[in-house]
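Starting from the known structure of chain A, fit chain B onto it as the hints suggest.
There are 2 protein chains.
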Amino acid sequence: MSDIDNNTPDTSEDDGRDARHKARMARKKEVVDAKISAAQTERGVIVITTGNGKGKSSSGFGMVVRAMGHGMRTGVVQFIKGAIPSGEEMFLQRFSEECEFHVMGEGYTWETQDRARDVAKADAAWDIARRMLRDPAIGLVLFDELNIALKLHYLDVEQVIADLRARPPMQHVVITGRGAPPALVEAADTVTEMTPVKHAFQQGIKAQRGVEM
Amino acid sequence: MSDIDNNTPDTSEDDGRDARHKARMARKKEVVDAKISAAQTERGVIVITTGNGKGKSSSGFGMVVRAMGHGMRTGVVQFIKGAIPSGEEMFLQRFSEECEFHVMGEGYTWETQDRARDVAKADAAWDIARRMLRDPAIGLVLFDELNIALKLHYLDVEQVIADLRARPPMQHVVITGRGAPPALVEAADTVTEMTPVKHAFQQGIKAQRGVEM
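Top to bottom, those sequences are chains A and B.
The numbering of the first sequence is full-length UniProt numbering, which starts it at 1 and goes up by one.
The numbering of the second sequence is full-length UniProt numbering, which starts it at 1 and goes up by one.
Hints were generated in silico from the structure; no laboratory data involved.
Check before you lean on any hint, since a few could be wrong.
Said to hold, decoys possible - Part of the chain A face toward chain B, derived, beta carbon under 10 Å:
(1) R17
(2) H21
(3) T41
(4) G44
(5) G55
(6) M63
(7) G71
(8) T190
(9) V191
(10) K198
(11) A200
Claimed, not checked - What the simulated footprint calls covered on chain B by chain A, stretch by stretch (three residues with Cβ under 8 Å from a Cβ of chain A suffice, anywhere in the stretch; the number is not a length):
(12) 17 to 30
(13) 53 to 59
(14) 191 to 199
Cβ atoms here follow ideal geometry from the backbone N, Cα and C, with glycine treated the same way.
In isolation and in its complexed conformation, chain A is listed as follows:
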């Protein structure tokens, strides 16, 4: 915030700075309040986190936890990862009443090297996802790494979008993974591109429990 001059410890300027801060924050509050009044539609939303940066899956799991905090039932389908139980899986397994958790696939596609088997797994995973999308008792679903399955054409994007559109009106859907297809971005309400600025891995640091897995 270049408009805030706080480089000097000169306390004699504090009154003026505090007054400017108050005036600027009052203007900001007017803008924010007006936007909040304008946004009155309540319905389930489709949220996509994509891009090559770290944080896509963890943001999806954060939303699952947030929803559970509000007493909502949730569902998770992991489309690609899963050969190794992740921290999220181990944690959410404690809450089978609140969170229905399915891990599909057998790890990354470069581990299996078997397209036909990957497609069959993706189809089976989507069957479970579709059942969740028909259940109004589930308030939020997370389809983790679904974008990868779509990018690799393991699933048909038009069929996926049709199933998403037919879901209960208040149900939220969070979809993660690199390379979200344009048609899915078009169908979504909120889309975030996550871009790596730097990554510990590039500096020779091993994937760390709790952070990467």
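Same frame as chain A, but now just chain B:
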């Protein structure tokens, strides 16, 4: 993935496509495996999620859940939000043994419009954060919206970096919020910029429980 031709349902091409897939994935596995072998350092990392896109805080909370899944003790300090209990707070309050949770501040700075009070709250929050940074029993800490407090010069970035550097060697730190200061980015191991592609709010949709709060 423009190199995958899957627009035709022509099954006679399946064998060739599957073979090409297998060869490409085998090459990819070599590259990935080599990178994994090269990354052998094990130590606590500093992860920053910044930018204007949605997903920064939820990705931090996802990493907290991930760490708890591995049996790690965690700590959370929320630096700005907190006037309204969030879904995360309500959820994580169930796990006081595993996650020490502190919400500081009284909502957004444009709600308080009182700089002196905000600075005092930020100082008090950093005192709690510093205590966590001295506790080797805590495996991962999340300082949610710390970047905002730094951007507004509520806290001194050099002091914050010094306290981060003095932490136990295996402790992970996740820092979220828009406008991460360059010195903090420099000190971090993994940094992700989250950019909004679109947001439901722009389409008149109210902030939804489980998604935005």
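Verification of the supplied hints:
1. R17: Holds: closest Cβ of chain B sits about 7 Å from A/R17, inside 10 Å.
2. H21: 4 Å, holds
3. T41: 5 Å, holds
4. G44: Holds, about 8 Å.
5. G55: 4 Å, holds
6. M63: 5 Å, holds
7. G71: 8 Å, holds
8. T190: 5 Å, holds
9. V191: 4 Å, holds
10. K198: 5 Å, holds
11. A200: 4 Å, holds
12. 17 to 30: Held - the region 17 to 30 of chain B has 8 residues with a Cβ nearer than 8 Å to chain A, which meets the minimum of three.
13. 53 to 59: Satisfied; 7 residues make the cut.
14. 191 to 199: holds (count 9)
Comparing the model with each numbered hint stated earlier shows that all of them hold.
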